[in-house]
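Asks: Turn these sequences into a full structure, and let the hints steer you where they fit.
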Amino acid sequence: RKEVEQDPGPFNVPEGATVAFNCTYSNSASQSFFWYRQDCRKEPKLLMSVYSSGNEDGRFTAQLNRASQYISLLIRDSKLSDSATYLCVVSGYSSASKIIFGSGTRLSIRP
Amino acid sequence: DAGITQSPRHKVTETGTPVTLRCHQTENHRYMYWYRQDPGHGLRLIHYSYGVKDTDKGEVSDGYSVSRSKTEDFLLTLESATSSQTSVYFCAIKKEGNTEAFFGQGTRLTVV
Numbered sequence: 112r113k114e115v116e117q118d119p120g121p122f123n124v125p126e127g128a129t130v131a132f133n134c135t136y137s138n139s140a141s142q143s144f145f146w147y148r149q150d151c152r153k154e155p156k157l158l159m160s161v162y163s164s165g166n167e168d169g170r171f172t173a174q175l176n177r178a179s180q181y182i183s184l185l186i187r188d189s190k191l192s193d194s195a196t197y198l199c200v201v202s203g204y205s206s207a208s209k210i211i212f213g214s215g216t217r218l219s220i221r222p
Numbered sequence: 036d037a038g039i040t041q042s043p044r045h046k047v048t049e050t051g052t053p054v055t056l057r058c059h060q061t062e063n064h065r066y067m068y069w070y071r072q073d074p075g076h077g078l079r080l081i082h083y084s085y086g087v088k089d090t091d092k093g094e095v096s097d098g099y100s101v102s103r104s105k106t107e108d109f110l111l112t113l114e115s116a117t118s119s120q121t122s123v124y125f126c127a128i129k130k131e132g133n134t135e136a137f138f139g140q141g142t143r144l145t146v147v
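Here the protein sequences line up with chains A and B, keeping their order.
Each number in my numbering corresponds to the 1-based position in the first sequence with 111 added.
Each number in my numbering corresponds to the 1-based position in the second sequence with 35 added.
Derived from the structure by calculation, the hints contain no laboratory data.
No incorrect hints appear here.
Taking lysine-lysine and the PhoX-like style, the derived pairs with C-alpha atoms no more than 25 angstroms apart in a straight line are:
1) B:Lys105 <-> B:Lys92
2) B:Lys130 <-> A:Lys153
3) B:Lys130 <-> A:Lys209
4) A:Lys156 <-> B:Lys92
5) B:Lys88 <-> A:Lys209
6) A:Lys190 <-> A:Lys153
7) A:Lys209 <-> B:Lys92
8) B:Lys46 <-> A:Lys156
9) A:Lys153 <-> B:Lys46
Replies: This is the structure:
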């Protein structure tokens, strides 16, 4: 079983739609959680960190459920520029911990 | 700009030859990582380092070795390249604490 699992998609939704991604992780000792965005043939870049209390950044909302060991990302009012691959990222309890990536979910926004 | 440079950016090499990829950072961060990215697999951790001369294996370390003789450089070596090592390789750096990682632009390696 992979340490971090995501639905690979692709998700193909119209502009303006709301789309949600989920991610599950297997290591209950994990402490840090992130969503990254990766554009085609580019390096991954941080989209947002995920906190236990949930957090929002404009149209993006991230939630963490420690009991069920899953992380979610909600994108509201999607834009064409949101088309990318979204990567769920989990890290352990210390700075020296490995950083593990999910395989990513591809999102395509159509006009 | 997170101050990470990967070199070379592109390389074509023959099966059986040694290859070294370099990751250089100007941020003086302690933690450095090498990942490979392949279709359907996402980013998989090869090796990582938590300080000079301190390295550890990731999930796909077979066929790879690393060295970190100074803070700013983390080298990934394929001792004898195979076609299965054709991939895009990303280096990442991270500072202390539970913070995010920053990535280099990647190295596209083709083994023929």
